[in-house]
Amino acid sequence: MDQHRLFDRASRGDHDAFGVLVGGHLARLDAAARLILRDPELARDAVQEATLRAWKNLRGLRDPDRLGAWLHRLTVNACLDIARKRRGRSFEVELTSLNDAPVPDPTSRVADMLYVERMLAGVDPAQRAVVVLHYYLDLTLPETAAMLGIPVGTAKSRLNRALDAMRIAVADEDESSVSTTARERFA
Amino acid sequence: MNRSDPTPRSFSTDQLRSALGDVVAPARTDYLSDIVEQAARTRQRAAWTFPDRWFSVDISMRRHGVPGAAIVFVVVSLLVALLAGAIYVGSQTRHAPLPLRPEAWSRIQIESPSITGRVASLAVSPHGLLAAVGGDEPTHLEVSTDGRTWTPVPDDRIPRLSNDGAFGMPFVMGTDHGFLMMQLNTIWSSEDGIDWQPLAGETTDPDLSRGGPDAATAGGPGLVGVGGAQAWSSVDGSDWTSAEVPSLPAEVRARPESEPYVAMNGIAASGDDLIAWGLAEVSSEDDRDAHRVVPLLWKSHDGRTWADAVAADMESVTAVTGGPFGFVATGTAGSAAAIWRSDDGGAWERVDGRAFAGYMLEASVATDAGYVVVGSDGLCNATSCPDREMVIWTSPDGRAWSRVPSVDLFTGARAYGARAWGTSFVILGASDGKPAIWISGSP
Chain L
0 MDQHRLFDRA SRGDHDAFGV LVGGHLARLD AAARLILRDP ELARDAVQEA TLRAWKNLRG
60 LRDPDRLGAW LHRLTVNACL DIARKRRGRS FEVELTSLND APVPDPTSRV ADMLYVERML
120 AGVDPAQRAV VVLHYYLDLT LPETAAMLGI PVGTAKSRLN RALDAMRIAV ADEDESSVST
180 TARERFA
Chain G
0 MNRSDPTPRS FSTDQLRSAL GDVVAPARTD YLSDIVEQAA RTRQRAAWTF PDRWFSVDIS
60 MRRHGVPGAA IVFVVVSLLV ALLAGAIYVG SQTRHAPLPL RPEAWSRIQI ESPSITGRVA
120 SLAVSPHGLL AAVGGDEPTH LEVSTDGRTW TPVPDDRIPR LSNDGAFGMP FVMGTDHGFL
180 MMQLNTIWSS EDGIDWQPLA GETTDPDLSR GGPDAATAGG PGLVGVGGAQ AWSSVDGSDW
240 TSAEVPSLPA EVRARPESEP YVAMNGIAAS GDDLIAWGLA EVSSEDDRDA HRVVPLLWKS
300 HDGRTWADAV AADMESVTAV TGGPFGFVAT GTAGSAAAIW RSDDGGAWER VDGRAFAGYM
360 LEASVATDAG YVVVGSDGLC NATSCPDREM VIWTSPDGRA WSRVPSVDLF TGARAYGARA
420 WGTSFVILGA SDGKPAIWIS GSP
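So the protein sequences, as listed, match chains L and G. Residue numbers for the first sequence follow numbering that gives the first Met the number 0, beginning at 0 and rising by one. Residue numbers for the second sequence follow numbering that gives the first Met the number 0, beginning at 0 and rising by one.
It is worth saying that the hints were derived from the structure and are not from the lab. Accuracy of the hints is not assured; some may be wrong.
What the hints assert, rightly or not - To be clear about the criterion: a stretch of chain L counts as covered by chain G if any three or more of its residues have a C-beta under 8 Å from a C-beta of chain G, and this derived list gives those stretches:
{"hint": "1", "segment": "10-22"}
{"hint": "2", "segment": "47-54"}
{"hint": "3", "segment": "110-116"}
{"hint": "4", "segment": "147-160"}
Note that the structure is a prediction, hence the values are computed from the model and not measured. All C-beta atoms in this analysis are idealised placements derived from N, C-alpha and C, irrespective of residue type, glycine included.
Take these sequences, add in the hints, and give me the full structure.
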């Protein structure tokens, strides 16, 4: 069914239509939340919090094409909210079995994944959020800054600090290579 | 691979993107049905409650545009009337009792361009109230003379603000002359909350080059502030001097993998005594991927030299306020909500915590009448709780506490801080995901 018709139905209280709309984004929302929070249960909480907010306020969204970007923004904010709240308590992070696996060929894709996973643990959630928005969700730095509501310079310095802390150098960083807009990517 | 001694690696953008995707593979969508069920149980907001749709004005246009003359006239007339009323009410000296009953509280929702959001910071000055409101749209400011009617400050009148809720929401405070706002190593000032001028910043003040205050209060030589792992003092906010602060606890200094995360979150005064509180995150000894929180509590008489004041049984400190009987600190001890009190911030005594069992304490404030602590229903999980309830306790002396009975006014609410406004207590936060404040009595 056409996305706009689904949106109309969801805006009139059809939760099944809302489910279809969210379903198209859920995998990426969940993945982004897991990357930021590094805890699957907290990530699920964040996504559920974000989608519930979206449902409640769906009639306030004028442009159905913005739904995806809006859901991502709500999810990132929910993640950062959870991270902020967790600061008052101990933050237990789930380890995957891969941490105990033998070190693979350092040039392999598995080695890349293990390295990135381990290094993500060493940076705080706000830095992770910038990395996730820019490199996982493919937002440009201005889009990343806009989504977080921070100046572009702050987003850039936060990204650089995160990559430094993660001991990662990105060889081919090129803003112009990301040509599509957030709306197109999240539509 | 050892995170304590990692070899830097070079990635292409595609490589990094793939690696991030692999970290979270496989995709997980098994709780879509939960989301749909949750939606089925939850009512949507009516369309007419969204002013941006009602007036058929695009949000981005309205936020940057100039309101129509008629609207301006009505708003100005209303403000003049409210100002006159506020001046009259403010001239009546009286002592309000503690707001023990729900009827003593009223909730005011602040209409915001944000679809969702919260009042992140609030300042009180002789000019009235200033609120920093943020959420899913960039942070903006709202002013009010009576706490009931709020007027947005046009975006082109204020510096670009952040709504990075975890680390970067602006802090606003009132002074005898107006307001100060602090964010991103810069301090702005305003007499009326509408016209802002930079007062100090990293480009002109070397003491702000490694960060600036995230919170401040009147005290010491004039103003004292804390942020990150630092503290400052200033006579008038235009020139800041770094203060001498205690060494971080050994377990924080020993964090092996990177610079430790330290955040001094707030500062409170009681007489000449000052208390700053915050936290540091450290990896646990047996599992570097698991972080835990170390509470930080500093004490000072002058804002220039600080000493460690954390009590042995404090597991975390979430808020401190100074009042008629000294300081009251909230936090956790033994994995449960806890309250301590102290005459001068030096020695802390834990008070009977049975009233707070099962709750999470998040904010506190005091007036001459006593203390108010705000928390939330601990039955909810981390933050996902559509029917979360804000809970308020009051105490005349910081020792004996009583809970304000639960009513609808406090459901679906969450506190982000509290302020004193004359004889009134003001709680700032969000109600059902929208910016809101709760005011006791009349200021």
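List of violated hint numbers, smallest to largest: No numbers; nothing is violated.
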